[in-house]
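**Q** Single-letter residue listing:
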Amino acid sequence: MESAYAGFEPALPAFAWEGIEHRLNGRKRKVALLWWSAAAIVVATSITGIIYWNQHTSIPDTNSAFHKDQSSGEIQKQSTAPGNQGMNDATENTENPADLNSENKKDNRSQNSTSGNASNKPNPNTPVRIQNEDIIHPENLNPDLNEADANSGSYAATFNQLNGFGLRYENSEAMRAEIQIPASESHKLKLNITPPDRVMGARVMLGLGVGQIVSQTGFGVNPKYKNYVHEEFQKQMKNGEGILGAMSFSGSVGYRVISNHYLYTGINYYQRRNSINFDFDWRVPVTTSTGGEKPDLNGNYPIKSYFTFVNHTKFEGTNTYTEIDIPLGWYAQYKVGKKFTFIPSVSANIGFISIGSNNVTLGYKDLDAIAQPKSWYRSSIMLFNGSAGIYRDLNNKIKWGINANANYTATPLYDAGQTLRPRAFTGGLTTQIIWRLD
Amino acid sequence: MLEDEDIIQGCRENDRRAQQELFLRYGRKMFGYCLRYSDNPDDANDLLQDGFIKVFDNIKSYKGDSPLQAWMSRVFINMAITRFRKRNAGPRFVDMEDAEFAEDTEEDVQTEARDLDKVMQCLQQLPEKYRLVLNLYAIDKLGHKEIAEQLGITEGTSKSQLSRARQMLKNLLENKKSE
Numbered sequence: 001m002e003s004a005y006a007g008f009e010p011a012l013p014a015f016a017w018e019g020i021e022h023r024l025n026g027r028k029r030k031v032a033l034l035w036w037s038a039a040a041i042v043v044a045t046s047i048t049g050i051i052y053w054n055q056h057t058s059i060p061d062t063n064s065a066f067h068k069d070q071s072s073g074e075i076q077k078q079s080t081a082p083g084n085q086g087m088n089d090a091t092e093n094t095e096n097p098a099d100l101n102s103e104n105k106k107d108n109r110s111q112n113s114t115s116g117n118a119s120n121k122p123n124p125n126t127p128v129r130i131q132n133e134d135i136i137h138p139e140n141l142n143p144d145l146n147e148a149d150a151n152s153g154s155y156a157a158t159f160n161q162l163n164g165f166g167l168r169y170e171n172s173e174a175m176r177a178e179i180q181i182p183a184s185e186s187h188k189l190k191l192n193i194t195p196p197d198r199v200m201g202a203r204v205m206l207g208l209g210v211g212q213i214v215s216q217t218g219f220g221v222n223p224k225y226k227n228y229v230h231e232e233f234q235k236q237m238k239n240g241e242g243i244l245g246a247m248s249f250s251g252s253v254g255y256r257v258i259s260n261h262y263l264y265t266g267i268n269y270y271q272r273r274n275s276i277n278f279d280f281d282w283r284v285p286v287t288t289s290t291g292g293e294k295p296d297l298n299g300n301y302p303i304k305s306y307f308t309f310v311n312h313t314k315f316e317g318t319n320t321y322t323e324i325d326i327p328l329g330w331y332a333q334y335k336v337g338k339k340f341t342f343i344p345s346v347s348a349n350i351g352f353i354s355i356g357s358n359n360v361t362l363g364y365k366d367l368d369a370i371a372q373p374k375s376w377y378r379s380s381i382m383l384f385n386g387s388a389g390i391y392r393d394l395n396n397k398i399k400w401g402i403n404a405n406a407n408y409t410a411t412p413l414y415d416a417g418q419t420l421r422p423r424a425f426t427g428g429l430t431t432q433i434i435w436r437l438d
Numbered sequence: 001m002l003e004d005e006d007i008i009q010g011c012r013e014n015d016r017r018a019q020q021e022l023f024l025r026y027g028r029k030m031f032g033y034c035l036r037y038s039d040n041p042d043d044a045n046d047l048l049q050d051g052f053i054k055v056f057d058n059i060k061s062y063k064g065d066s067p068l069q070a071w072m073s074r075v076f077i078n079m080a081i082t083r084f085r086k087r088n089a090g091p092r093f094v095d096m097e098d099a100e101f102a103e104d105t106e107e108d109v110q111t112e113a114r115d116l117d118k119v120m121q122c123l124q125q126l127p128e129k130y131r132l133v134l135n136l137y138a139i140d141k142l143g144h145k146e147i148a149e150q151l152g153i154t155e156g157t158s159k160s161q162l163s164r165a166r167q168m169l170k171n172l173l174e175n176k177k178s179e
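Protein chains in written order, with the working numbering: chain A, 1 to 438; chain B, 1 to 179.
Only true hints are included.
Taking lysine-lysine pairs in the BS3-like style, the calculated list, with each CA pair at most 25 Å apart, reads:
1. K294(A) with K86(B)
2. K176(B) with K294(A)
3. K86(B) with K314(A)
4. K86(B) with K224(A)
5. K54(B) with K86(B)
6. K86(B) with K226(A)
7. K224(A) with K304(A)
8. K29(B) with K63(B)
9. K86(B) with K238(A)
10. K118(B) with K294(A)
11. K118(B) with K170(B)
12. K145(B) with K314(A)
13. K141(B) with K63(B)
14. K141(B) with K86(B)
Please keep in mind that the hints were generated in silico from the structure rather than gathered at the bench.
Please model the entire structure based on the sequences and the hints provided.
**A** Here's what the structure looks like:
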């Protein structure tokens with residue numbers, strides 16, 4: 001054969017040199033698009049972060065006092081220094097709670113003068129509901145507090161005393177403090193505080209989680225190339241790949257958009273592991289380059305028939321894949337009893353996969369062991385995630401719970417146009433801690 | 001007409017005309033290698049372009065201690081091997097065929113020049129690993145030890161694959177003759 005090929009000089013393909021020249025020229029014009037894109041993302045994220053952290057809720061003047069308008073019976077806010085003695089006769093309109101909600105403030109709300117009759121006493125039966133415009137930070141709330149000494153007939157003093165206990169909460173329709181003024185000569189206030197779910201009402205939540213997951217890969221075939229795949233490939237892959245557990249880690253930030261609903265993003269890191277154990281005979285395929293068939297992306301032609309020769313494949317091991325994905329999703333918090341919360345969530349994630357350097361798999365034409373081709377894999381994929389968890393309040397700020405998670409790879413793991421279209425399904429259990437940040 | 005030394009020097013300086021001259025002078029020969037190591041003309045074209053890019057990248061390391069054509073053919077063969085390893089190489093814990101075909105039958109495929117096209121067609125129908133071993137041993141005269149090192153297989157596997165390749169090629173040629 002050597003001598004026969006000694007003078008073998010077939011005609012060059014058309015435009016071969018042009019192809020080479022194009023590649024030589026193109027190398028100089030390499031645009032670092034990926035780096036520019038990465039830089040743009042970093043800048044955009046930084047700007048967004050700066051804008052977000054610069055947004056804060058201003059704490060209104062906590063020295064505002066309240067007094068009751070004699071004519072309307074409304075409890076009105078009055079800007080005044082602490083210890084203001086301005087009081088009104090609170091004998092009228094004791095039936096309805098005076099609602100200081102800003103939405104209910106009418107035009108008759110007004111700022112009274114600081115002068116007042118020191119002997120006026122608050123109506124002991126008038127419950128006062130304070131909400132929205134008052135600032136209360138419940139972490140300072142003393143749950144044992146149910147009385148407060150009031151200066152004689154002075155709401156202002158009372159409110160200042162409440163402030164002295166740090167009774168301030170942010171505007172939130174989920175948070176209320178109801179102050180009832182019992183009949184009492186000393187005008188002691190009985191505070192019936194309905195502690196809001198401090199953690200649920202938080203505007204920003206931070207989550208950290210760790211857990212165990214398992215995964216399985218289904219090897220679909222691109223219909224265009226179904227004749228390019230050995231007849232036994234899918235069956236042998238299904239028989240030969242097994243499920244193994246792996247660790248997962250996650251971090252998330254949630255922002256409450258309305259009521260108990262949050263949008264969140266974060267980052268998830270996990271490994272997928274499969275055991276591989278192949279031991280079978282297979283017929284060697286015959287492929288052809290005649291008849292006008294086109295090769296697939298890997299240069300393989302359709303399988304025309306099979307030789308009578310039989311090969312044997314036997315190998316075993318473990319394949320690992322590292323995945324990092326960034327979710328954008330929704331979750332909601334639903335109270336279950338006093339201490340527990342049910343949290344369902346869904347998200348769409350963009351994922352980035354890294355193949356283990358020692359991974360081995362089956363070739364899809366010849367069913368031999370091959371190093372898993374990294375070039376076949378997409379650089380990024382889309383996944384959908386769903387989870388449901390039950391959490392327990394540890395204190396005002398922290399919940400801890402367990403989640404059941406499931407991930408489905410929406411886009412095939414391999415590049416578009418590849419002969420195979422594997423998709424991964426991942427599920428598992430994670431434990432997570434959630435903090436409120438505000 | 002430019003001498004090889006002038007062309008080589010021009011290529012080292014990335015002179016496009018020198019590079020083109022090198023391509024025109026040795027392209028057909030190298031394309032012959034590419035066709036033998038590929039299973040279709042498109043693949044061979046890709047290998048041809050990849051090979052010449054590699055030649056231009058590495059021309060500075062050519063010391064002149066072997067003929068330029070021999071050096072270039074080595075570049076192309078190494079590229080074919082690298083491509084094969086990327087696609088197909090992997091650990092094989094047990095290779096059952098080693099036990100069956102441990103002996104090299106030394107059976108040669110008689111090839112005449114006029115049948116080269118047919119041989120080429122049949123060669124391209126072989127599984128890639130068999131075609132590679134057959135090319136390296138029977139045409140490019142590498143030993144089984146060197147083939148084994150290049151492909152990451154054992155010498156026994158190289159011999160058995162060569163034996164299989166010859167047998168398959170023979171069967172395919174016989175089928176072709178009878179068509």
